Structure formats: structure tokens, C-alpha cells
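Visitor: Protein chains in written order, with our numbering: chain Y, 1 to 182; chain S, 1 to 154.
You can trust all of the hints, since none of them are fake.
SDA-like mimics (lysine to any residue), calculated; alpha carbons at most 20 Å apart, straight line: (1) Y/K58 - Y/F122; (2) Y/K58 - S/A45; (3) Y/K58 - S/L53; (4) Y/K58 - S/I105; (5) Y/K58 - S/R48; (6) Y/K58 - S/P40; (7) Y/K58 - S/P52; (8) Y/K58 - S/L51; (9) S/K75 - Y/P29; (10) Y/K139 - Y/A110; (11) Y/K58 - S/P43; (12) Y/K58 - Y/V125.
To be clear, the hints were calculated from the coordinates, so they are not data collected in a lab. Nothing here was measured: the structure is a model prediction, and the numbers come from that model.
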Amino acid sequence: MVNFQLWLERTLLSVEWVARFMRTEWGWPIVESVHFIGLTLLFGAIAAWDLRLLGMAKRVPIAAFHRLVPFAVLGFAINALSGSMFLMTEPDQYLYNPAFHFKLLFMALAGLNVMVFYVAVFRRVSGLAPGADEPHSVKAVGAASLICWTGVIVCGRLLTWYRPDPCDPSEAIGFLADCILR
Amino acid sequence: MRESTSIFAFPIVLSLHTIGLGLIAGLNVALNLRILGVAPRIPAADFRFFLPLMRCGLWVNVTSGLALLAAYPTKALTNPVFYLKLGFIVVALVILKVVRRHLLIEGVSLTVSMSNKARILATASLLCWTGAIIAGRLLAYTYTRLMVDSVPRP
Numbered sequence: 001m002v003n004f005q006l007w008l009e010r011t012l013l014s015v016e017w018v019a020r021f022m023r024t025e026w027g028w029p030i031v032e033s034v035h036f037i038g039l040t041l042l043f044g045a046i047a048a049w050d051l052r053l054l055g056m057a058k059r060v061p062i063a064a065f066h067r068l069v070p071f072a073v074l075g076f077a078i079n080a081l082s083g084s085m086f087l088m089t090e091p092d093q094y095l096y097n098p099a100f101h102f103k104l105l106f107m108a109l110a111g112l113n114v115m116v117f118y119v120a121v122f123r124r125v126s127g128l129a130p131g132a133d134e135p136h137s138v139k140a141v142g143a144a145s146l147i148c149w150t151g152v153i154v155c156g157r158l159l160t161w162y163r164p165d166p167c168d169p170s171e172a173i174g175f176l177a178d179c180i181l182r
Numbered sequence: 001m002r003e004s005t006s007i008f009a010f011p012i013v014l015s016l017h018t019i020g021l022g023l024i025a026g027l028n029v030a031l032n033l034r035i036l037g038v039a040p041r042i043p044a045a046d047f048r049f050f051l052p053l054m055r056c057g058l059w060v061n062v063t064s065g066l067a068l069l070a071a072y073p074t075k076a077l078t079n080p081v082f083y084l085k086l087g088f089i090v091v092a093l094v095i096l097k098v099v100r101r102h103l104l105i106e107g108v109s110l111t112v113s114m115s116n117k118a119r120i121l122a123t124a125s126l127l128c129w130t131g132a133i134i135a136g137r138l139l140a141y142t143y144t145r146l147m148v149d150s151v152p153r154p
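Just chain S, same shape as in the assembly (with noise of 0.2 Å):
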């Protein structure tokens, strides 16, 4: 892909990983807030039909991802940002498995007693969606070495 004859293939890999971003986390982002109490007349339950999206978007990221790392593996693997960025990403997923199981089952309406629970995964799955954006920008400014052979970047 670096060496690819198509200037287009790295731009395209990159606008697939952020339309990827935009339906998983995006969609998340609308139930945390969901659960959080924004928009109540929308039934919680009713976030499942979105789920088959969500995982969509995640499969479209991790192909692009894995492809994105193929390209500059030394860039991304030497750079204690990207596993920050993969520990945020893994505890989002893993909030959103127990909120699906608990929460996005028909007939199931957020009770007083679960959403006291649920809201706090809600803002712990804000906090990481927002803290794996923010480290994936970082990730351009904070590497120290582009290539295995290359001078680290000061």
C-alpha cells in the first residue's frame, strides 16, 4: 500500500478507518447518550437493530487498521500512543458486549435500579470512544520512528 503504483490507496484506506469510526463509535456515542438520558422516547432496546452497523463499522476499521499498520508497522508499534489507543478501543468494545447483553434485549425498558449501573458504563464507553480519537490523532505527531532503519525523529 505505501508503494502502491495508486497515490489513491493510502487516502482510501484512510477515509474507509474514519467512515468506520463515525458508524461504531458514532452509534455508540448516540446510546451512551441514549442511556444517559438524552432523547427518551427512543426505547434503549431499540439501539439493537443498529448493532449489525456497529460491527459494520468496527470490521471495516480493523481491516483498515491491520492495512494501515501493514504500511508503517515500525511507526505505530514503537509508539506507546497506539497501545493506549488499542487499551481504549478494547474497553469500549467490552462495555458495549455487557450493555448489549443486559440492555438491548426486547422487551427490556431501562429500570430506576439499572440505570444507575448503566449510566456509569455509558460515560466510561464516552470517555474511551473519546480517549481512542483523540490518541488515533496523536498517533501523526507523536511517533519517534517512521521506518525500522530510519534516525528517530528527536
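This is chain Y alone, in the form it adopts within the complex (with noise of 0.2 Å):
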């Protein structure tokens, strides 16, 4: 696990445009806004969807409300775009950052609920009518989805408080002393 940290990490620090960009005196207060544009933008239309999925507005068809998913994958895509220059610019201070993998963790289990639910649920919420109560399993995938992106967005805020002392792999033994071993 270690090597493979210190690998992510060398990989993440070769591209170095990026840590010029986010180095300037704007670069990283210009990446985070968009990253909590991307922010809103994703928890706004996944809560809405998942809060209708839970039975908020049942009047209104499910399928209509599937139409808010793109923004929420367009906010997602802005924010992996937006993270990833984080990382690039100070990845010891993510991949060694309990938050950060606990956001990761969040995020993973969001995916496969995701995939739980276009596999599995979809074909269930589609040929729901108008109105009608939604089965318990529709309504699961909705509650653990708004967990899960609650989840991320507060292991994303606490991101601050765990951040490691800075890490340099090139000097092997301070680097086990603060990074590995703290």
C-alpha cells in the first residue's frame, strides 16, 4: 500500500503544469470555487432525484425527474476534473489524509449504488405511475445515495483538520517518521 502511494504520488507530482497553474497567487481560490460550483451543481440535482425517489412530489413522473441526472454527472465531472488538480499540486496531502480516503470511500460506495440501481432497480421506477408508493428498494437506493453524498461532502470539509505534516518521498527517513509511521 505504501509503494503504491509513493507511486500515485510521484506519477500525480510529474505533471507539472498544473502545479504551476494551482501555484499562482489565484490558481487554487479559482479551482476551489469551481469546485464547490460542481459541488452544487451534483447535490443539488442528485438530492432532488434522490428525494423523489424516496417519494417527495409524486405527482410528477420519475422519468421526468431522471432528466435532472445529467447535471448532476456534469457537476461530477467538473469536480473530478477540479479535484484531480488538487491532487496534482499537493498529493501528499490527500493521500495521506484520513478524510480524504474516507471521501474516497463515500464516493465509491455512491458508484456502486449507482450501479445498484440502473442494474437492478431502474426497470422497477420506470413503469411507475404517477403517484403510486415506490417499492421499499426504490427507496432504498435514494436514502443511501443522499447518505453517501452527505458522506462526501463532510469528509471533504474535514479534509483541513487531517491534513499530514508535508511529505517528501525523496528523504526516505523523515518521510516513514512523518508520513507513515505518525
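Fit chain to chain and form the complex, with the hints in mind.
Guide: If you want it as C-alpha cells, here you go:
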């Protein structure tokens, strides 16, 4: 695992032009703003969709609400891109940060939930008449999604409080002491 | 909160502020995009079902925002960007009120004559929320004094 983290850190650092831009006076704040706009798009659209799955606004056909999903995908794309720019600039601040590990875990769970939804549950949703009660499986997917994305936001905000000391992989002993064994 | 014995007090309030942001601004962005012609099969008036949720997001953010302000009042109040953020939010909320009164009524659908005005409002609202988010993020970079008795940052 440590070897993988070291390799990943070196690989991320190799994209030097991103780090150079991020270290300009306005680079980091601009990308952070973009990351929050993406977050708003993703969470707003997905929360509306999840709440519809949970039974809010029952009269509106689910198929119509499904058209909000592309905005969530757009928000996710914006955030995957802007998020990886943080990683390419200060990889050690994320790769050795427990809050970041949990953030990735919640994202993976949310992704799994999306797969479960489209593979197993979507058929039961699309045929649902407006006003009909959603099956429990549909509600479970909606609730899981809300919980996962809330977890992603909370862990994202917690990143600052769990930042490790700056780690330099070229100084093997100091790196081990400061970053791995801490 | 700043001196709370729980190291989680600040991050929890900050997380709440971010979740509230997603609810009020996110759903408002979805509504604006609908007015601008996206997802035309959703009746625009049906967005009124989400008004309680947006109101909930707003109150979460008013409360958590006041708590954050109480923790570092000087930091925000001496920063012009903070007033810019509040300005953007107020304008966005006024636009939402107008849209709600004229558009989010049962049985009212977007007609051609109405949609031009509505499009302008929706665009303005999108710009306001974008501005509020950017200004909010910049608060962490543009403050000059952290505490009332601290030395101004160069």
C-alpha cells in the first residue's frame, strides 16, 4: 500500500504544469470555487432526484425527474477534474489524509449504489405511475445515495483538519517517520 | 465554537453550511435551468414541491453562517468580499420570491410571453448563486484581519 501511495504521489507530481498554475496567486482559489460550483450542481440535482425516489413530489413522473441526472453527472465531471488538480499540486496532503480516504470510500459506495440502481432497480421505477408508492428497494437506493453524498461533503470539509505534515518522498527516513508511522 | 473542546465543532458547522448550500443553491440552479429550457418535460410549477426543502437549506445556512460569523466576526466583517457574498444571496432570494409568486403556481405553465422575463430572472439568479459561491470561497483568501486585535495581514 505504501509503495502504491509513493508511486501515485510521484505520478501526480509529474504533471508539473497543473501545479505551476495552482501555485499562482489566484490558481488555488479559482479551482476551489469551481469545485464548489460543481458540488452545488451535483448535490442539488442528486438530492432532488433522491428525494423523488423517496416519495417527494409523487405526482411528477419519475421519468421527468430522471432528466435532472445529467446535471449531476456534469457536476461530478467538473469536480473530478478540479479535484484531481488539487491532488496533482499537493498529493501528500490527500494520499495520507484519513478524511480523504473516507471521502473516496463514500464516493465508491455512491458509485456502487448507482450501479445497483441501473442494473436492478431502474426497471421497477420507470414503469411506476405518478402518485404510486415506490417499492422499498427504490427508497433504499435514494436514501443510500443521500447518505453517501452527504458523507462525501462532510469528509471533504474535514480534509483541512486531517492534513498530514508535508511529506517528501525523496527523504526516506523523515518521510517514514512523519508520514507513515505517525 | 472556536474554543470548543470538540475539535469537530467547526468542521461540522462548515459541513452543514455546505449541505445547506447544495439544497438551496443546487435546487435553485435546477429550477433556473428548467426555466432556461432544460428538462422541458418537468412542469416548472412542480418545482414548488421543492420550496420547503430549499427553505430548509436556507435556514440551515442562516444558522450555520451565523455560528461561523460568531466564531470569527472580525475576519468576515472587515472583508468587503463578505458583503458582496451577502448581496449576491439577497438578490438571488428576491429573484426566487418573484419566480415563486408568478411562476410556481399550480396550473401555470411557462408561456412564450412569460418565458422571456423568466429567462432573464433565471440567468440573473444563476449568476448570483455563482457569485455567492465564489465570494464565499474567496473569504478564506481575502481576509485582512483574523481577530480584532491581530496584526493586519500584508
